[in-house]
Amino acid sequence: MTRVVHYLNQFFVGIGGEDAAASGPASIEGPVGPGKRLQALLGDDFEIVATVHCGDDHAAGVPGADEEILALARGHQPDLVVAGPAFTSGRYGIACARVVAAATRAGVPAIAAMHDDNPGLEDAGAAVVVRSGPVAREMGPSLDTFAAAVRRVVVGEPVTGEHGRIGRVPRRNVLVDANAAERAVDLVLARLAGGGDSEVPLPRFDRVPPAPPVPSTADVTVALVTESALVPDGNPDGLESARATRWLRYALEDVDELAAGQYRSVHGGFSTVFANEDPHRLVPLDVARELEREQVIGRLHREYLVTAGNGTSVSNARRFGVEWAAELRRSEVRAAVFTAT
Amino acid sequence: MERAGIPTALLCNLVPIAQRVGAPRIVPTRGIPFPTGDPSLSPPEERAWRRRLVERALEAVCTAVDGPTVFEVDDRLGTRA
Amino acid sequence: MHRVQRVSLGEETAFRDGHLTVRAEEAVELLASPSLADVRVTWVSPGDSARVVKVLDAVEPRTKGPGGGGIFPGFLSPGRPQGRGTTHVLSGAAVVSAGFLPRAQEAVLDLSGPAAAMSPLAATHNLVVEFTPAAAATWEDVDRDLRAGVLRLAARLAEAALDAPPDAVEDLPVPDPRDGALPRVGAVVNIQTQGTFKDVFVHGRSLSGGLPTLVDPGDLDDGAVVSGQYGHPALKNPTYLHQNNPVVEALRRRSGTDLVFAGVVLSPEPVDQEQKQRISAYAARLCLLAGFDAAVLTKEGGGNADADVAMKMDELEELGLTAVGLFSELAGADGTGPSIVVPPTKATAMVSTGNYDERLVLPAVERALGGDRLDLLDVPATEELELPTAVIYCALSPLGWGRLTCREAA
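Protein chains in written order, with our numbering: chain A, 1 to 341; chain B, 342 to 422; chain C, 423 to 832.
Derived from the structure by calculation, the hints contain no laboratory data. Among the hints, erroneous ones may be present.
Partner residues are not named here, just some residues of chain C that face chain B (Cβ under 8 Å, in silico) [unchecked claim]:
| # | residue |
| --- | --- |
| 1 | D589 |
| 2 | Q695 |
| 3 | L710 |
Below, in silico cross-link-like pairs of lysine to aspartate or glutamate (DMTMM-like), each with a Cα-Cα straight-line distance of 25 Å or less [said to hold, decoys possible]:
| # | chain 1 | residue 1 | chain 2 | residue 2 |
| --- | --- | --- | --- | --- |
| 4 | A | K36 | A | E47 |
| 5 | C | K768 | C | E696 |
| 6 | C | K768 | A | D197 |
| 7 | C | K768 | A | D79 |
| 8 | C | K768 | C | D694 |
| 9 | A | K36 | A | D79 |
| 10 | A | K36 | A | D186 |
| 11 | C | K768 | A | D206 |
| 12 | C | K768 | C | E740 |
Cβ atoms here follow ideal geometry from the backbone N, Cα and C, with glycine treated the same way.
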C-alpha cells in the first residue's frame, strides 16, 4: 500500500475562492474533491491518507509556506506527495511546484500537475511535473495523465515527454566508458560527416520584463549591489569565495570611502590585487557619495548588498534576487547600481 | 529585482554574457577585476572615469528599455590610457 | 616509459623492477629554499584509505635522456622549445604539492571511494609534498619556490630510471598537417592568465598579454606548460594533465586512421572582453593558417573561461572550420539550472565534463595529508564529507581526462 498525501488549494477543498485565499495550511483525513477521482484512478494499491490545503495567497506569498505545508504532509508518513492539478492558476501552480520541490529536497518522492504555461513550473526544482489542461473543465483527462505518472514515479520508472512530463528534467552526473577528450574527437568526426549530437543543451533563460525607469535619481534612494565579494577585512561573516549560498550586507552610514586594507574581496574567480589596492574599483562608494552631495542621487541606501558571483548556481542567484528585491522594497529603494566582475 | 519594479544598471566587462542572460541596462567597463576602475590611469583620472560610469548607470535607470540595452560611456574625453 | 608498480621511502633514490624508492632527505634537500621553513614528503597510493586536501599541483616525474635537451623548460632548462630526443616517463607516479596558499580554493583528492574514479591522481602513487612557509617569506615567494622544488623533485625521480629498461617505447612524430586526405584536426588549449596564484607558465613565463601560438606537441611532453593556478579544484589543469594532455593523446591515437593530428594552439584567457574578442579571432585565424579543418577546444576555470571557448568556437565556425568545445555544467545541486551561462551561438557541438554542483558523499578515511582540517566545511580532514563535485580535484577536467558527463534523469 502506497501512502499518498494530496495538496490542494482553498478552492478545490471547497473552503472558498479569493475570500479564503489568505487561509493558512491545514490538513483533512482522506481524499477531497479531485482527490476522490484520483483515488479511484489509482486503485487499491494506493491510499490518499490525507489532503493538505492552503490558501493561494498564503502558499505563494508567505516565505516558508512550502516547508509548513510539507511538515503537515509528513505528519501523515507519506510515501508520495502529489499536488494539483493547478491548470493555469498562477499562485496555485507556484504553491504546488514549491511543495513538490520541498518534498523532493527532503527525499520524499513528489509529483505535481499543471499546464505548460503555469508560471509555477520554474519553481518545481527536480520534482516531476506532468501536463494538465489549461482549465478545471479538463479535470478528467488531466487526472488520467496524473494517475498514470504517479504509478510510474512510485515504481521508479522514468516519466518523460511521452508520459506528459513538462518543465526541467534534472541532469545527473554519470560515468561513461570514453573520456571527454575521446568523445570530443568523436564529435568532431561526426560533425565533419554532417551529424553528431551535442552533449549539452543550449540553455533557456528566464526572461524578466524590465522595470519601468525612475523619473530622476535626484529624489530617490539608490542602492549599491555587487557580486564582487567585497567584505570588511577578515571576512567577519565568512562569505564563500565560490558557490555562494548566501549574501551579506554592510553598513555605509557614516562611511564616505572604502579604504584599502579595511575592505577586501574574497572572490575566488579573479585576481583581487587591483581591487584590494582600491576597493572602489568594485563598489564605487567614493563617487556615489559625491553624487549624493551634489543631489544627483537623492539618498544612498544605508548599506551595500554583496555576494560572490563565482560558480554560483542560477537557482541560488535567482533566490538572492528575490531576497534583494524584497529587502530593497522594504527600505523604499527605487533603483540599484550593480557591479559585476 | 526588475520583476519587483526596481530598475537596475549593471556595470560589467563581459557584456555579451550580460546580454545573453537578459540584464536590461548594461554599462560596459574596462576589465573583469575592476568594474568601476581602470588601474592604468592616474588616481584622479581613474576617479573621473568611475564617476562617469556611475553617472551613466544613473542615466540608465532613468531610461525605459524593453530588453538588454547597452549604455556606452562616451570615451572621447580621453581617459583611456 | 617506465611503469611504477610499488613505492617506498628508503636509503637511496632508485628505480628497479617497477619499484620506486625515494630517500626522503634528498627530496627535502631538493625542495630547500629560504621561503620554506619545513618540507615533508609522504607516499599515498591508489586504494589507500587516504585523502589529500588543499591539493595545489601534481607533476609526473619525467626527464630527458642524454642529448635530448632539457625537461621543464624555463624552470630546469633554458626556456625555449625542446620537444625532441628521448623523454623518460615514470608512469603511474606523481609529485603532489598540498597545503595552504592564499586564494587557492581547497581541493580534495581521495585515493579510494566514490571520488577515486573522478581524478587522475587517484590512479597514481603520489609523493605528497607538505610545507610550512618561513616566517619572513611572502606568499608569492612560497608559491614560486614550492613550484620550482616540486619540478626538481619530479625530474630527480625520473632520473632514477635513466638506466632501467623501459616497459614501453612510444614514437611521437611531429604533426604534419600536409599528410593525406584525412581531416586535419588540432587542439586549442586555453591557458589561464590571471596573475599570481591564477597563472600558468609556458617555458616559465605567463602567456598574459601575448597572442595565441602554435606549439610542437612534443614540447608539452617535455613540460613546457606548468600550472600555477589554484582556483576551481574540479576545473584545474594540473601540470600532470598538461604533460599528458588527454585531447592531444586522443588525437595522436587516431592520427593516420580517422584523422590527421594537425597541431596544438596555446591561447591566453584574457580578463577583458575586448581582449577576449581579439584573442578569439586571432586563434581561429591561426587554426586556419595552420591548415586545421577542425579543432577541439579546452579551457581552464569557471564562468568567464566558458566565454573564451564559446567565442573561439564561433570564430572558427565563421571561418568554416568545425569546432567542438569541452564544458562543465553549472546546473545547480538538483541539476535543473541552465547548464552553461555563455554557450556559443554559431557553433553548437559541446561535450559535457559533468555538473559542478551535484553533491556527493565521501566516506571517512584513515589519514589525511595537506592539512588537518577542511576549512570549507570546518571539519577534520579525515571525516565523512558531503561536497559538490566542484571540490574534487580534476573531477570535471576541462582537458577531457574524465569519464563524467550529464544525462537527463527522467
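Status of the hints after comparison with the structure:
1. Because the closest C-beta pair between C/D589 and chain B is about 46 Å apart, greater than 8 Å, the hint is violated.
2. Using the Cβ-Cβ criterion of 8 Å, the hint placing C/Q695 at the interface with chain B is satisfied: the shortest such distance is roughly 5 Å.
3. Interface hint at C/L710: violated, since its Cβ lies 23 Å from the closest Cβ of chain B, which is beyond the 8 Å cut-off.
4. For a cut-off of 25 Å, the pair hint linking A/K36 to A/E47 stands: about 10 Å separates their Cα positions.
5. Distance check on the hinted pair: C/K768 and C/E696 sit about 19 Å apart at the alpha-carbon level, within 25 Å; holds.
6. Proximity of C/K768 to A/D197 is assessed by CA-CA distance (about 15 Å); at most 25 Å being required, the pair is judged to hold.
7. With a C-alpha separation of about 47 Å, the suggested pairing of C/K768 with A/D79 is violated against the 25 Å cut-off.
8. Our distance criterion of 25 Å between C-alpha atoms is met by C/K768 and C/D694, whose separation comes to about 22 Å.
9. A threshold of 25 Å between alpha carbons decides the hint, and for A/K36 with A/D79 the separation of about 18 Å falls inside it, so the pair holds.
10. A hinted pair counts as satisfied when its Cα atoms are at most 25 Å apart, and A/K36 with A/D186 does not qualify at roughly 53 Å.
11. Distance check on the hinted pair: C/K768 and A/D206 sit about 21 Å apart at the alpha-carbon level, within 25 Å; holds.
12. At most 25 Å may separate the alpha-carbon atoms for a hinted pair to count; C/K768 and C/E740 meet this at roughly 8 Å.
In the structure shown, a violation is registered for the earlier hints numbered 1, 3, 7, 10, in ascending order.
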